[in-house]
Structure formats: structure tokens, C-alpha cells
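Asker: Residue numbers (the working numbering), protein chains in the order written: chain W, -15 to 290; chain F, 24 to 465.
Honestly, I wouldn't trust all of these hints.
Stretch-level coverage of chain W by chain F, calculated; a stretch enters the list once three of its residues show a Cβ under 8 angstroms from a Cβ in chain F [unchecked claim]: (1) 49 to 61; (2) 77 to 84; (3) 93 to 106; (4) 233 to 239; (5) 243 to 256.
Take a look, some chain F residues computed to stay more than 10 angstroms from chain W by CB distance [to be verified]: (6) Thr66; (7) Pro138; (8) Asn140; (9) Ser252; (10) Lys394.
By construction, these hints were calculated from the structure, which means they are not laboratory data.
Glycine included, every Cβ here is placed at the ideal spot set by N, Cα and C.
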Amino acid sequence: MTHAEAAARETAPRLKLSTKDGLLGALLIAPTVLIFCAVIVYPLVSAIYLSLFSIYTPTLKGSWVGLDNYAALLASGEFWNAFWVNVVWTVGTLVLQVVLGVALALLLHQNIVFRSLARSLILFPYFMSTVVAVLVWRWVFNDLYGILNHAMMWMGLMSMPLDWIGSMPNAMISVILVGAWKYFPFVVISVLARLQTIPDHLYEAATMDGAGWWGRFTDITLPQLREVLFIVILLRAIWDFKEFDLIYLLTGGGPVTATQTLPLLVYKQAFALNEMGGASAVAVLMMLFMLGFMLLYFRYGRATES
Amino acid sequence: MTKQTFTRRSALLGAGALGVAGAMAGTKPAGAQGGVTLRWWSTQSVPAQLEAYKFQIAQFEAANPGIKVVFEPTSNETYAAQLAAAFASGQVPNIVTHLPSFAVTNYWRNGLLEPFNDVIQMVGSDKFYPDANRIYEVEKGVYGGAGIGGTAANTLWLRTDLMKKAGIEAAPRTWDELRAAARKMQGGGIYGAPLPYAKNSMTTLVFICFVRLAGGQVFTPDLEVAIDSKEALNALEFYKSMRELCPPGATGYSWGESLTAFVSGATATGLYTGRVLANVVAQNPRIQDSLAAATYPSIAASVPSWTFNDFPSIFIPKAAKDMAATKKFAAHIFAPEGYIKQLHAAPGHVLPVLKAIADDPRYLDNPIISKYPKEVKLMAENSAAGFNLGFESPRHKPNLKAGDVVNSGVIAELVQRVCLNNEDPKKALGETAVKIEKIVKG
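Just chain F, same shape as in the assembly:
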């Protein structure tokens, strides 16, 4: 019989072996736990909307045992980076909602999306408004996504009490009238307007509105860069002239800050969607009876208005796991009860894309929609006739590079260079056009 010795070496080896064994024991093959988990990303996630999503998820999970849905919020300012990282790593969400339509075309162009036709069929293509999904038809008969709602993002919000006090009788129709009204109403701690001058996507998107409202365009219908124009120069000059009528911190405003500035009563006018209504009623009821909405003014009465509708979308990344369950859930999002709850979470903010919902008594039976029927109607009409950079006008070809242009931030930089740094607008415009050209060609 040999004598067993226990050396430091054998102890180390034993400990190492135990560690490896422990690690192996703790590892289970992927999928061993069973069940399906779907990840849902959205840029819209205020508490009321989260409640609606919870309801939709609970309904779906109850009807589909074994499937779990997890909601993960993103934002308008960060989704591009988050999705780029998700696509690059292969860790994509199953469903993404409320991104602007040009994001869909951009991702489709790069082969990153699953065709959405199955989901549209499951919802019923005839239930959508005619042409509601035309913007998502990325190839003949193939849809990269669908609309989940409509918006009128550059609705002009006015305080009728302040207008009356300043002796302004009607909503401004032109930029000169708007500037004069803002100047008259400014004072006593209240600023004229909450226009954004930050280095972010809101500044880009809002300034694109101003280029269009000046009668200009960012791209020609054949998608040649056209921002270096007299109209864009006029837009820059007007935008710069409005700086003194905006709060000092507008240099950092995104959608949330701009909305809060108007809702809190810090500005006399606002530029936002219908979310203003719910927020004023909930957060500043003192001004709820002094609210009015108008179509945003253009440079002159002869220049037609241009409503920015980002066409909030729904789409499925191609690399998403559990595709059948994903499509089933995507269709479920349009189920009337849950969809109406979503719309009611911010009445007038996201407008319905399903015909039946717009006329559904359950949708119309909402205190805010009932209180502000004129405003909601105006936004619905403007939204229906709305455009964005991916679809500048009915004459324009779909712009598959719109997302890249917006995300690059070059237009926001143009605004900052001219309005904050007092750079020569002509030179800045020319350089911006070159940068956009490079992005388009790249």
C-alpha cells in the first residue's frame, strides 16, 4: 500500500479541476430553459404608453402560453446607435415600433429587415387607410414595414390668453406674422417660441420643415441634393432671427424639452404633435382652456404649408429569432382594444392608421379627444397630407438615404454654425450640401 501525499501542487490542480467542473455544471445549452422571449423596442415610452403596452403584452401572453414579451425603451436621439450596435452584434430586438419611416427604408436597403407582408395580411391590408403603407413599399409588392400611426409633428400651438393680451386676433399665417406675434407675447418670463438649436435630430427635422416652408427642398424629386438654395438661405435667416425669441437653453432642446417649455407656460407658442393636449391637461391645467392649434406658417401665404409626419413605423429585423411568434405579436399590436389604448395614451399624438379605428366609438370616447375635437381634426388632416425627408413630396422618389442624412447631424450642425456661431450662411449651406452629397454617395 502506497502512502497518499497531499501537496500544494495537487491542491492547486484539484481546485482548478473543481473550478472547471463547476463552470461546466453551471452552463446549460442555449434554449434548454424552453419558451420564447420576444423583445419589443419603441421610441414612445411615457408612463401612459407603457401601461398600454403592458396591456397588449398581457393579452398576447395569455393567448399564447410559452411566449414572453419584454418591452425595452429607446429614444429618437439614440435609436440609430442602439440599432446599429444591435444589427452589428446580431442581438436584435424582434419588433421595433415608432421609428420614422425613413429608418425602415434605410435598414431595408442594407438587407437588415424581414418583409412585413405577412403581418399586413394578418392585420388585413384592407383595414389600413388607402396608401397608408405606400411609403413602406420598398420593392414592387414588398413592404419593409408598416405604419403604426401618423403624426403632425410641426403643429403650431398657441396660447389664446396671451394672444388676446397682446392684441393678436388670429393665428399667424406667415413667418413675419409669427415672429411679430412671438415678439409681442414675449415678456414677463415668457418666451416667444421653443424652437430647437441643439445638435440633435429634432433640430435637423424641424429645420427641414422650415426649408420646405420657405418653398425649398433638401433633395430634388430625382434625389439630387438641393439644399444650397435661396429658399434654404431664407429659412436659415428666419430661424436665426427667432433665436432671440427662444429660451437661452433652446441650444440643448430636443422634443421633450421643447414640449415642456410650452406645456409649462414658459413659451407663448409651441411646435409639437398632439401630445401637448394630454400634457397640458395633466401637468398645467391652468392653461387648458387657452389652447389652440394651427397649421405651421410658411414664408408667405403663397407658399403651401408642409406638415412633418414621421410616419411612425413597425418593422421586424431579419435576424430576429422566433419569426412566427414575432409576426403573430406584430399583428396583435393592431388588435383594436390594445391599439386604441395605445392611441389614448397620448391622444392626438399618434393618429390611427386603421380606418375602422378612426371611426370606432371606443376611440372617439376619450375626454381629451372630446375636449379638443377641432385640434385633433386639424392634426389628422395635416398628418394625412404630411411628408418627411424620406418622402418630401408626391413627386419625390423614396429617399433611401434620408435616415443616414438625419442621423449624420450635418443639418443640425448647419443650424448651429449659422444661428449660434454667426458663420456665413451661404458658405455653411454650400459646405453642408457637399457633406450631404458625400453621405448620399457613400
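Same shape as in the complex, but just chain W:
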């Protein structure tokens, strides 16, 4: 290689190391971006797009209606009823999950007999398939053969079997109870994990200062659990708000529309009324409600923290 050739090569445009790293970075992150687009962006854009049409579900054929689906929904009593039912269900089951979850986590944090076994068994409802869980509960609630009615009649609490899932307010109470039973283990494991990292000396110091169990709980345990509870409540609120299978299988949204939440309304619009556009509009509105809730929640979280 002559000196001139070497000089020419040195002056030729070459990619800098930082540019190469940047390209490699983009290449490596590309699969994640593609997957994100496929599983998040595409369905989201599709749902918004579909909500602007009147579409017959089996054929997916339809016509452009613009914002008519939204206008019809916002003007319909059924939509607002479903929204209210959704709020009642979410708040009811979430409160029970958190109270029950924290209480049991505190219990399982103590030195009790068979603690390991109890910690394993507590997860059982969470691991159980929803279909199986609902079948079991339907059997428990059954008017003719269910153990609940039999037990209550045997104890003399009532003379005739009670309709647990077909009349109000029993149906809503039953759904909330079953939901709390199914999902409280998530709160238990999250809170228990955090409880195990709270330093013992905090409790020892508080005890020496004369704090009782309630004082230790409110002044040490609860503040230490604040962060984990913040996340747990956020996640469970999102999951409970969009819960479908448990409610659908237990009551089908009835009686009439007394337990019909927004996800059940989506299903009804899409597959009972074959109105995919209307169903998509409900789904989009659900997403907006959740977004609004999360923004408020984060703002509240930050305010409390500061």
C-alpha cells in the first residue's frame, strides 16, 4: 500500500464507533419495538379504527359512522349503568382483597405452626383456573344442592334456600366475594415479601418506646408497606376493572343488567348484537377511563410522597 493510498483510506468516510453502537442498539431493540407494535400499538389503533364504523361481527363488513358509536353509547343508560356497576365491582372487590390480603400477610409473617404449608395453600385460589373456581362456587351457591344454603338452613338462619346469584343485591355481593377470594393471594404474596424486609430493630425501638401492636402497625408497618400497596392497588384496580370471565361465568351480567360491567357490555355488543364497532367504542372508552384513573392515582401518589 502506497503512502497516498493509505492517506486516501484515512480520509474516506467511515462510521464512527458511537454511530456503530447506535445502529447496533437500534438493531437489538428492534425486536422489542416490533413486538410492542404488534401486541400493543396495532390492537389499540385497530380498536380505535373499528370504533368509527358500524361493523357486523361475523363478516367484519360495515360502514363509516364517525363518532356516532360514541355518541350513542354516551347517551345510553345501559353504558352508564355498566360503568357504575364496573366501579362498584372494582371498588368492592379491591377493598376486600387489600384488607384480607394485608391481614393474612401479617398473620403468615408470624411464627405460626405450619407456616410454610399455609403460605403455599394461600396461593391456591390465585392459581386455580377461573372456570373451575366459578364452577365450584356455582355449586356452593346452588339453591337445591349447594352447601351454603344447606348449612344456613341447618343452622336455622333461614327456612328456604336463598338465590345467591340470580337476584339483587345477592348477585353483586356474591360476585364481589368470589372475586376477592380469587385474587387476594396476589396481595398476600406482595405484602408478605415486603414485610420480610422491614428491619426488626424498628419494632424493637417502638416497643421500648411503649408502642402497642396497633401503634407499631400504623407507625411502622403501614408506612413501610406504602410503596408496595401503591403498586398492588394500581395493578389490581386495572385487572379488576377489565375482569370478564369471572363475572360472565357467575352471573352472565344478570339479573337483567345488575352485574353487567363494561367488559361484559363489550362482549354483548360484539357477539350478542354483532356490533363490533359499538363494542370497540366501549373498549376505547374503558381505556380512557383507566388512563384517567391512572393519571389521578399517580398524581395523588406523588403528592403524598412529597
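Based on these hints, arrange chain F on the given structure of chain W.
Answerer: Same frame as chain W, now just chain F:
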């Protein structure tokens, strides 16, 4: 010779390339495995029926090497949603059986079905009962599907031992008699009737029976909405009055729960097809000699009875793959040996649509059919004269929107509003009529 270096970057690139190569190697073009797989959906799938289907499938697969048939159960309450999703995604089954006839006309109207004429020809159109497939003639000379059986879904089942105990001598003929009989027989842990009050298709279909039994109609013969009538109001009032004679959990009853309530002995009367016979014999033989079937009573002796026959169907989605094999299998379902096994799986529940089968000694040679000849005969007669919302009377035009009306659940909601929520029946009926009107026009 240059020195080879192995950096983290080259390792990542190599790993990525290996991943892509691995993924490519694991991908085979569709159809590369060869063979044909047919998917068969049905709403009828109790164990005895599954056995019969297995037999039919094995016979077909043995005669047609390279073709595999997979059975997938669906249900009366879920088929509409499952098929809507299947049609929308293009992942349709090859054959669907036992759906009510109005589902066929509904899907045909939307261009989703393959004409069934070839299959009818393969079976032999002269082998069907005359007019058995008239309801499926969706266009002149074109059939959207065919009947696979007949049913008498609102047969009134009675416990003769309880009737005797209550001093009831004959089967009730009118609603007043039915209510009085149910009231007399109720007690000691036994309820009068297992009528459904749930938010499901059974409630819709059964209440349509009551509207017809009151002398009313849901649609006029020209398919104008006619449910907002005095007759429908009478039906609602009677249905509401029966609530106290039904188990508390009837608010969640579908076909299965209603059947079990009667078979287990929890109710004195029942409303179901002939499946009652096989279930009583197998599950509660204690009452097998105290069973009687009757035509369901109407509001008054002057109002003729109306049997709900959902005309269980067989059809092929247009988007089904391997159409020749699909049609061949559809015709095979009617082959006598397997078809009789299907019918015997629930004797009296699904009644034959082929003339030769009804008289076939192999069909008649069944312990349940032999034990209850009077009941089976009654159901066969009622089924032959039966109707449903897609075909309300001989004067009615075929109702292509019947499936949409049933699946929408508005009629079940009407029942719940009036019978459970004590809403004003007149107002609820008027609002329901408007909703049905909207569905029909939509």
C-alpha cells in the same frame, strides 16, 4: 494472517443470527405435513353422544385414509359468539350440527354458508321426510343446510306418583290447571316447575312458546314485530305467577339445570325434550315408572298448543377448507348405523329426519324407546308439527332475523325485568318491541 477477535458485539450478532436461523428451520410451509383435518362442531355433546360421534368418525376415517376428523363441542348459550369469532377470523369449522334452524338462515343471509344441495343429494333427497328441509330452502331450490333431527323441546313432563298423591287425575290442559297442579304438588322440598328466569337463550325460547301458547305471536306472518300485545301481556303475567312455584335458582337456569331439576326429583313437572327419559333411567331410576309426557298446556282449551322444535341443523361454512371431503363427511353423518347410534345416545331427544330410520328395526330396538313408546310417539307427533321463531306458523314467511333476536337476549331481559324486578309489564313489552324492531331493521 489476521488475528480473529471475538467481541461481545459479534457474539450478540451471532446469537441473533442463530435465533433467526432456528426459527426459520422450525417453520414449515402450511400443508407440508399432508393429510386433511376436518373440524366438526356441535352443541350436543353429552358422553353418550360423544361415543356415537367417535364411532361415526372412526368409520369415516377408516374408509377415507388421510382424512382426520376432530370433534369440538360448543353449547346453545355460546355458539353464537364462538361462530361469530370463527367467521370473523376465517378459522371456521368444516361442519356444524344441532344448531337451531334460524341460525342457518341467519348465516346464509350474510353469505357465510356453502349451499347444502350436494350433501342432500348424496344422502338422497327422497330419504328425508317430505318437507323436512323446507325450512332450510333459503332461495328457490337452494338449501343453506338440512335437518339432522327434530325435537319437541317444550314437552310437559309429569310425575304420576306426585299427581296421585295430590289428587290430580289428568295432565293439565290449560295454564290455570297447570298452575293449580304445580301448587298442589309443591312441598316437602319439591317445587312445582323448573321454568327458566335467567338471562339466556333458554328463557328467550321458552317465553316465545308462552307467547304462542297465549295465542299471540312475536312477528306477524309478514314479519312485523307483534310482541307488544294483550296475549304477550297474559303470557308475562302467567310466567310471573309461576315464579313462586319454581326453585329460587331458576333465575340462573339454562337447559341443563332445568333438566336436572326435574330428573333429580326437585320439581314435580318439567319442560324439556325426550332427553328426560334417558337421564331419569340412568340417574334417578327411582322415578322411572312414574313418568308421563304431555303436550304443554295453553292459556285456554280453545288456544291450540304450540311445540317448540328448534329443528337441529347441519351446515357447512363457506370458508371451510377441503370442501369435497367436508361434504363427504356431512353425508356420512346420515349413514344409518352411525345416525342410529347418535339418536340412541339420547332416545327421544333428537328424533329422526330420515323416513327409513324411523321405521328401521335397529332404531326401534332400544330399551328406552321400548319402555316409553307412548311418550316417544307423542314427541314425534308434536315435533312434526313444531315451529320456532324462524318459522312461527305455516302462514309466516321465513324469519331471517330470528337468530339475531334470540341472540340479542332482549326477550330474556323482558322476562327478568317483569318477573324479577317487578317492572311494569306493559312498559317493558313496549320497550322490548322497539328493541326487536331495531334489531330487525339493523
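Asker: Now look at each hint and say whether the structure bears it out.
Answerer: Hints, verified against the model:
1. 49 to 61: violated (count 0)
2. 77 to 84: As far as the region 77 to 84 of chain W goes, the hint is violated, because 0 residues have Cβ atoms under 8 angstroms from chain F.
3. 93 to 106: violated (count 0)
4. 233 to 239: holds (count 5)
5. 243 to 256: holds (count 5)
6. Thr66: holds, 16 angstroms
7. Pro138: The claim holds: Pro138 (chain F) sits with its nearest Cβ about 18 angstroms from chain W, beyond 10 angstroms.
8. Asn140: The claim stands: Asn140 (chain F) keeps its Cβ more than 10 angstroms from every Cβ of chain W (closest is about 22 angstroms).
9. Ser252: holds, 22 angstroms
10. Lys394: holds, 27 angstroms
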